[in-house]
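J.: Reading the sequence shown from the start, the letters are residues 77 to 197 in this note's numbering.
No lab work stands behind these hints: they were computed from the structure.
No experiment lies behind these values; they were computed from the predicted model shown.
Note that the Cβ used here is the ideal one computed from N, Cα and C, for glycine as well.
Take these hints with a grain of salt, some might be off.
As the list claims (entries may be wrong) - Label-pair distances were calculated between CB atoms; the ranges are:
hint : residue 1 : residue 2 : range
1    : 188       : 152       : 46 to 54 Å
2    : 106       : 152       : 51 to 59 Å
3    : 126       : 106       : 21 to 29 Å
4    : 91        : 131       : 53 to 61 Å
5    : 156       : 79        : 42 to 50 Å
6    : 96        : 191       : 26 to 34 Å
7    : 173       : 90        : 34 to 42 Å
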Amino acid sequence: LKPARKLKFPVHEMAIMTSIAVRFIPTIIEEAQRLRKAQMARGAKFEGSLVQRVRSLVPMILPLFFSTLKRAEELAIAMEARCYDSRARRTSFNELAWKKRESLVITGTLVLVLVFKLSAI
Numbered sequence: 077l078k079p080a081r082k083l084k085f086p087v088h089e090m091a092i093m094t095s096i097a098v099r100f101i102p103t104i105i106e107e108a109q110r111l112r113k114a115q116m117a118r119g120a121k122f123e124g125s126l127v128q129r130v131r132s133l134v135p136m137i138l139p140l141f142f143s144t145l146k147r148a149e150e151l152a153i154a155m156e157a158r159c160y161d162s163r164a165r166r167t168s169f170n171e172l173a174w175k176k177r178e179s180l181v182i183t184g185t186l187v188l189v190l191v192f193k194l195s196a197i
């Protein structure tokens, strides 16, 4: 992938698009099976010659296309809501270490709370 990056090819965008497309394949297959069962419940037959089987799939194409577009739009809205930007620099996780100063502040705060509580009695 580094040679493609040197050629100014949007490697990260292509990787994201590919992974999303691959992730949606099982979802599209499930949706097609659901639509096929619905068509069969309405009396559609998916048997016969190749031409007849292809013709029986035509009523499924538009609903499948629109449901796929709807899912893609929902994903785009979710990515936008999470402020996804492929051009943004990646951030890394920095683990914070406990320092002596934090221990002193907490100890001091506890001492002050105890002093005020005891003086109120």
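J.: Tell me the numbers of any earlier hints that the structure contravenes, in ascending order.
T.: 2, 4, 5 and 6
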